[in-house]
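A.B. asks: Chain by chain, the residues run as shown.
Number of protein chains: 2
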Amino acid sequence: MTRLRVCYHLAVPPGDVAALAASVLLEQSVEVPHPVATRHAFVRDHLLGTLESLEPDPDGGFRMWLALPTATALADPAQFLNVLFGNVSLHPSARLLDFELPPPCFEMLPGPRFGLDGLRRLTGVARRPFTCAALKPVGLSAPELAVLCRQFAEGGIDLIKDDHYLADHPFAPFEARVRACLEAVGDVHARTGHRAVYVPNLSGTPDQVMRQAVVARQAGVQVAMVAPMLIGLPALRELTRHHPDLPVMAHPSFAGSTRIAPPALLGKLFRLFGADAVIFASYGGRFGNTRTESVAVATCLRQPWGPLRPALPVLGGGMRVERVPELIAAFGPDVALLVGGDLLEAGETLIERTRIFTEAVAVA
Amino acid sequence: MTRLRVCYHLAVPPGDVAALAASVLLEQSVEVPHPVATRHAFVRDHLLGTLESLEPDPDGGFRMWLALPTATALADPAQFLNVLFGNVSLHPSARLLDFELPPPCFEMLPGPRFGLDGLRRLTGVARRPFTCAALKPVGLSAPELAVLCRQFAEGGIDLIKDDHYLADHPFAPFEARVRACLEAVGDVHARTGHRAVYVPNLSGTPDQVMRQAVVARQAGVQVAMVAPMLIGLPALRELTRHHPDLPVMAHPSFAGSTRIAPPALLGKLFRLFGADAVIFASYGGRFGNTRTESVAVATCLRQPWGPLRPALPVLGGGMRVERVPELIAAFGPDVALLVGGDLLEAGETLIERTRIFTEAVAVA
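As they're listed, the protein sequences go chains U and D. Residue numbers for the first sequence follow this note's numbering, beginning at 1 and rising by one. Residue numbers for the second sequence follow this note's numbering, beginning at 365 and rising by one.
Since the hints were made in silico from the structure, they are not lab data. Everything numeric in this text was worked out from a predicted model, so none of it was measured. Take these hints with a grain of salt, some might be off.
Ranges of calculated distance between the beta carbons of each label pair, as one might list FRET restraints [stated by the list, open to error]:
| id | chain 1 | residue 1 | chain 2 | residue 2 | range |
| --- | --- | --- | --- | --- | --- |
| 1 | U | P33 | D | R485 | 34 to 42 Å |
| 2 | D | V578 | U | P104 | 22 to 30 Å |
| 3 | U | F106 | D | E712 | 24 to 32 Å |
| 4 | U | P35 | D | P697 | 28 to 36 Å |
| 5 | U | P102 | D | E716 | 41 to 49 Å |
| 6 | D | R719 | U | P35 | 20 to 28 Å |
| 7 | U | P35 | D | T654 | 24 to 32 Å |
| 8 | D | P397 | U | V147 | 15 to 23 Å |
| 9 | D | T654 | U | P304 | 39 to 47 Å |
Quick reminder that beta carbons are idealized off the backbone N, C-alpha and C, glycines included.
So here's chain U without its partners, still in its complex pose (with noise of 0.2 Å):
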């Protein structure tokens, strides 16, 4: 039978740790006491959990490696999470650090569709990092955000992508704002050669996402963002079962909401649920990451795993153009460079500190 290997970090003091590993053992496989388990043939053969390991963390509390069953986990997306971190998530002293997987999962969430290779094809970026800058703030019209997006285009932007604020909203709608971009991108595209992709943000109910889906596929969208942690990991799935020709940026915004390292939910579970690309909040930035914290969550949207095509790692929150040399030799040259509020704080001169950015990028 296969299982799944899923790490949990547990801050109890040593004499509590058993108690809380036997119950955290149950609690994710049959959330019923253990003689109620064994009690069924099928329940006991194939649904019970195993404890694998349980050692201290050298950073204090301990870790443990629970065996869980897959076959609870294959039964849908939503499955696959609650085996992971359902339940377990009401213990404030738990904390999923990471997982591992057996073949059957991934077949059920087949991760990104074209990822890093998919988007160096498609953009033309052959191996340099790509750079992206942000549609923002929300508030701007339409044509406001169009003007923005010419210049980013125009200052040799790879990826323009909307702010995770723009949404279907009256002063900006999705399908006028997707359409003034793209025309943005196609003029400047016609005049000087540079093929920018506007990557609009996709927000809302599922249904409301998977329209704007449709709308954008129509008017010619390449890539699209949606923030999965906002509108539901399930439902990222689905997107990517609907436009199987549309890769995925995934922002992470609700994403710090969860007591789950990041490296397990923005490395692995948004490549997992099929982002192409995910945008994350670089060391260095606004948010306080680690250098070893953010190295780690590219390392797990682009290291071999099974059958996954590696993911675009986006390195966000507060990155400023001057630190590009410093960004690429830490993580490589397998990411996207994304660069925000820097860029636009140079107003009038938004195209020329644009154009520092992307050679800065290209001579590194």
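Following the hints, position chain D against chain U.
C.D. replies: Below, chain D alone, put in the same frame as chain U:
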């Protein structure tokens, strides 16, 4: 202009709090440097937030109330979450404590369609607490689950809910399970006059959840359960819109993974997104919640709140029959008491043990 008022806890030293407060204020409104935001008249006038108060928290750190623009939040239910706790969730020192909404928010998110009173009408449980039991463990076949369902119905349970691990598994397919359990409660009703309500769990991607809801309605299901954090809160909103005549019970799986205070998440957000009943781990059970926090969740679910109907608090997470009088004293009669493993442990005497439970509630 109407504003969304949001309260965050900031766990930082006094010397750092002003900078973090200013940063969160921008992060949750326009996510660009202040000079960029104020360049645009519409943004400056309508989309910036305001710091309303910043005070030391008696338990350490600071409590900050912000007024944030509803113009952004009202685009769709995912944007609402984004404005409430999107990027700020990436600050490890920030936690969402509470929020208050202006009337326009209730048009997009009208809350429970049935709520406490609707569930009382539907079940005929007039004034006393509801009794609730769970069908588990996962791994039982549909006929085995139906046997359990029948026993709980014979024991007098009001609401017999699926365990949250029950999904559309090959060993207990959704439709077969639903039909068998409905037949079981129907038989007991015909024989004894006691009408238990069977509450199946809907799980999966949004499409799967909606399909299961259709199957359930056609089979005669009167109340369904979902885990909103597993399927995504916007999918819950959509379910309640697609099935206006199907009350929904919400399960907290994956909900503890957030850094959102349980009264704000389970008490306010779940209710706002349309849950008619909300299961949460009460104090004294398996999850170590405090009595104060548990009562606060119940209070948030039931208290007057704009045009929203009160929702039914469902106390779970390891409740035992012997605690019935104490729990009713603590929470009052407008609750459901969910007893799971404690009943199942009775084995051969399940019906008797269930009767002890339902009679204790009846006389309390």
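A.B. asks: Compare the structure with each hint and give your call.
C.D. replies: Evaluated hints:
1. U:P33 to D:R485: 34 to 42 Å: holds, 35 Å
2. D:V578 to U:P104: 22 to 30 Å: Between V578 (chain D) and P104 (chain U), where Cβ atoms are some 28 Å apart, the hint holds.
3. U:F106 to D:E712: 24 to 32 Å: About 43 Å separates the Cβ atoms of F106 (chain U) and E712 (chain D), which means 24 to 32 Å is violated.
4. U:P35 to D:P697: 28 to 36 Å: For P697 (chain D) against P35 (chain U), whose Cβ atoms are near 33 Å apart, the range 28 to 36 Å holds.
5. U:P102 to D:E716: 41 to 49 Å: Given range 41 to 49 Å: holds, Cβ gap about 42 Å.
6. D:R719 to U:P35: 20 to 28 Å: holds, 21 Å
7. U:P35 to D:T654: 24 to 32 Å: holds, 30 Å
8. D:P397 to U:V147: 15 to 23 Å: The hinted range 15 to 23 Å holds for P397 (chain D) and V147 (chain U), with Cβ atoms some 19 Å apart.
9. D:T654 to U:P304: 39 to 47 Å: Roughly 45 Å apart at Cβ, these two residues keep to the hinted range, so it holds.
Checked against the numbered hints listed earlier, the structure breaks hint 3 alone; every other hint is satisfied.
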